[in-house]
Amino acid sequence: MIESSESGVHLELGELWEYRELLYFLTWRDIKVRYKQTFMGAAWVIVQPLFTMILFTLFFNKFVGLKSGNIPYPYFAYAGLLLWTFFSNAVINGTTSLISNTNLITKVYFPRMFIPAAAVGAGLVDLAVASVFLLVLGFHYGIRPSWSLLLMPVFFLLATLLALGVGLLASALTVRYRDLRHALPFIIQFWLFASPVIYPFAIVPSKWRWVMLMNPFTGIVEGFRSSVTGAALGWHDIVIAAGITLALLVLSIYVFRRAEDTFADLI
Amino acid sequence: MKPIVLIERLSKRYSIGGLHPGYMTFREMVADTLFAPFRALRGMDNPTYQTLWALKNINLKIEEGELVGIIGRNGAGKSTLLKILSRITKPTTGRVALYGRVGSLLEVGTGFHPDLTGRENIFLNGAILGMHRAEIQRKFNQIVAFSEIEQFIETPVKWYSSGMYVRLAFSVAAHLEPEILLMDEVLAVGDAAFQQKCLDKMHEIRQQGRTIFFVSHNMAAVTRLCKRAILLDEGAIISDGPPEQVVNQYLSATWRIGAQRDWPDASKSPGNQVVRLRRARIRNEAGETIAAVDIRHPVGIEITYEALKSGHAFTPVLDVHDDEGVHLFSTHDTASEWQRKPRASGSYTSTAWIPGNLLSEGNFLVDVSFISFSPATALHAQERNVVAFQTVDNQQEGSARGDFIGPIPGVVRPLLMWTTEVSPRS
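One line per chain: the protein sequences are X and A, in this order. My numbering puts the first residue of the first sequence at 110, with every later residue one more than the last. My numbering puts the first residue of the second sequence at 92, with every later residue one more than the last.
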């Protein structure tokens, strides 16, 4: 049954299930294509957060004298940058995914949501590879793995859901408003400094902390770092981040479903 | 028969005009929103965006197993209709009920990635077209065999020739098994042998009782393959019925030429003080005016003219062209009792018979002239594109088609006598 958009927004979850294999193939395509004809292959995944970490260690830790408690700053920064690299790439790829798949959208039907979802999901392989290096780095700095390390996947999931929420919303808007693409690098850069990635949340004055907690990545990256350093988990902050993330995701899915009917006409 | 596609009051509106026809930039949106109240004050309704109805109130009922040809000029709404049926875009009003899985071949190779190998692209493209992984795995060998690129299956498709690329893409699409198949002129791919395979595949799909929508500019293919044709013009259905009839209506509308033409007013008819053309028509042996002729049967070009002065010896001349402008032949009366004979004034009717199994499949236009050869050569009248007709090949016995089902090239298709001698091997 095909009806005009006036008949309302349907989530059609059954349809998503029917097409689930396509999500797998699109994700697989994005991963495959990324590593085709590369010289260093998966090494790039480590190089990006590693070099950024070295840079920040030099400037903030050595020159400025930024301290990260009892955790060595390089390990602290790498852990944050690892999750941030995944998150920011996922948001950028998710946002631009619809426009770079114009030929698919105008030629064949399938749930459009899978395009940004696959772009976000494809980064998980990189994240897994880079995480292995995190463990190596932890061993080097003598960080004893604790039970909370098992919570890593929870923060990966939260970061994925947040990237998905942002990616869905931004990609749907980009189809209509092309200049959002140009604003994206700036937003991402701003977001990095608005999250405790390269500095500890503890240095933020307490009267500003609630503002920073409105940014769900704050709770996620703090929680993730606690899980890999064995520090106590700030459950309160994590629950707030998870709540905002889920609310954003629901809103994004709704907006995306509303907008997708006109994608083929506008793109 | 139960309907498999039911279209009710379907309309689609597009916005046109503005800086970019579809999207706008964020800056434009802000400006648009800011100035909207001022426009409302001045009583202007958003001047930047005009609308275009690509489809207007379409109602259609398609039964299971029908092969429906959709024809019409560019911009008539054919592609929009297919896009709505394949759910790529939503209708503005109205609804479509589909009782079966829809597969669309609006373009082959959708989603092919140049960096992936043939094998990888089969899986990716199959999934994009709506196949399940198990289904692709089951048909994988058939797909590869059909495409004839076995040895390059592990090569990235960016190194394929365009022919190989299209063959692989079509093979994946051809192994889709939807109840309703939408096709947009994808048959125009590959070499003759591959086209033949594609047509065989289409026959196979039809034989399995599945429904096909076929959009084409190739009128010969539509009349040959379809049992029903729909003519769209400016978003509305103009005609719906047997392909010969609909194709003919399309051609008459396009060329503004039909199977018969009359000049009731003698003073405005083509000619001079010697002879004037009053009527021309295409007829069959039974004397009926027809626009579509069975390719196996003779077709008569009949002209009625008036000799205004006695004593002139002249002959009618007919020139036949196909719709691509190829001049097939020119003919005049060289054998009848009227050749070289001065005519008495009066009304004459002459018919030239083109034998069956001579013309190829297609559309033909006829020019009419009158010429005297003695005492001196004189042209009395020359009228171009007077009448038109088409030859239809229903793929029955007795034509030069034989067992071949693909398009047959050439401007003529004579049924020739063949002889074969055999010398036994010693």
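Calculated from the structure, these hints are not laboratory results. Warning: the hint list may mix true and false statements.
Claimed, not checked - Keeping only pairs whose Cα atoms sit at most 20 Å apart, straight-line, the calculated DMTMM-like set for lysine to aspartate or glutamate is:
1) A:Lys249 x X:Asp139
2) A:Lys152 x A:Asp331
3) A:Lys181 x X:Asp370
4) A:Lys147 x X:Glu112
5) A:Lys230 x X:Glu130
6) A:Lys147 x A:Glu428
7) A:Lys181 x X:Glu130
8) A:Lys318 x A:Glu270
9) X:Lys141 x A:Asp206
10) A:Lys181 x X:Glu121
11) A:Lys152 x X:Glu124
12) X:Lys141 x A:Glu245
13) A:Lys181 x X:Glu112
14) X:Lys145 x A:Glu268
15) X:Lys145 x A:Glu270
To be verified - For each label pair, taking beta carbons as the anchor points, the in silico distance ranges come out as:
16) X:Gln298 x A:Leu143: 39 to 47 Å
17) A:Ser343 x X:Glu127: 45 to 53 Å
18) X:Ile208 x A:Leu143: 19 to 27 Å
What the hints assert, rightly or not - Coverage of chain X stretches by chain A, computed from C-beta distances (three or more under 8 Å per stretch; other residues unrestricted):
19) 209 to 218
20) 360 to 373
The beta carbon of each residue, even a glycine, is placed where N, CA and C say it ideally should be.
Margin query: Are any of the numbered hints broken by this structure? If so, which, sorted upward?
Written below: 6, 7, 11, 14, 15
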